[in-house]
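Read in order, the letters of the sequence shown correspond to residues 1 to 109 in UniProt numbering.
Keep in mind that a hint or two might mislead.
[As the list claims (entries may be wrong)] Restraint ranges, calculated between C-beta atoms of paired labels, are given here:
no., residue 1, residue 2, range
1, Ser66, Ala4, 32 to 40 angstroms
2, Ala4, Glu78, 27 to 35 angstroms
3, Asp96, Gly23, 14 to 22 angstroms
Think of the hints as simulated: they come from the structure by calculation, not from any bench. Note that beta-carbon positions come from the ideal geometry of N, C-alpha and C, so glycine has one too.
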Amino acid sequence: MRKAVAKVEAVPPGEMLPVDIEGLPPIVIFNLDGELFATSNICTHAVARLSDGFFEEGVIECPLHSGCFDVRTGEATEFPCEIPLKTYNVEVDGDDILVEFDEACIEFI
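Kindly generate the complete structure, drawing on both the sequences and the hints.
Written as structure tokens, this is what we have:
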């Protein structure tokens with residue numbers, strides 16, 4: 001299921017935007033030099049919102065234990081994080097950011 005989650009202007013280059021939509025998993029949109037990426041907003045090591053962390057040069061640092069992930073691939077790049085983040089396909093349609101959610105991640109409301 002593809003869903004419009006935000007407007008492009010809401011995520012300037014070098015910034016991130018947390019997105020919480022009822023019935024869908026919490027995600028964060030990253031703008032890396034004009035290219036948009038989306039990952040889970042929850043750290044795989046401990047329950048912490050990654051959007052409360054530090055984002056620079058394609059890496060998000062968890063605010064809880066300073067583990068890091070590559071936002072392009074979801075790969076865990078810094079201990080204590082070892083399990084990769086869920087990533088989502090992102091498209092831009094006009095000024096809308098569209099994210100593809102798997103049927104498996106959609107909660108039944």
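Outcome of the hint check:
1. At about 33 angstroms, the CB distance of Ser66 to Ala4 agrees with the hint of 32 to 40 angstroms.
2. For Ala4 and Glu78, the hinted distance range of 27 to 35 angstroms is satisfied, since their beta carbons lie about 32 angstroms from each other.
3. The hinted window of 14 to 22 angstroms between Asp96 and Gly23 holds, with their beta carbons roughly 19 angstroms apart.
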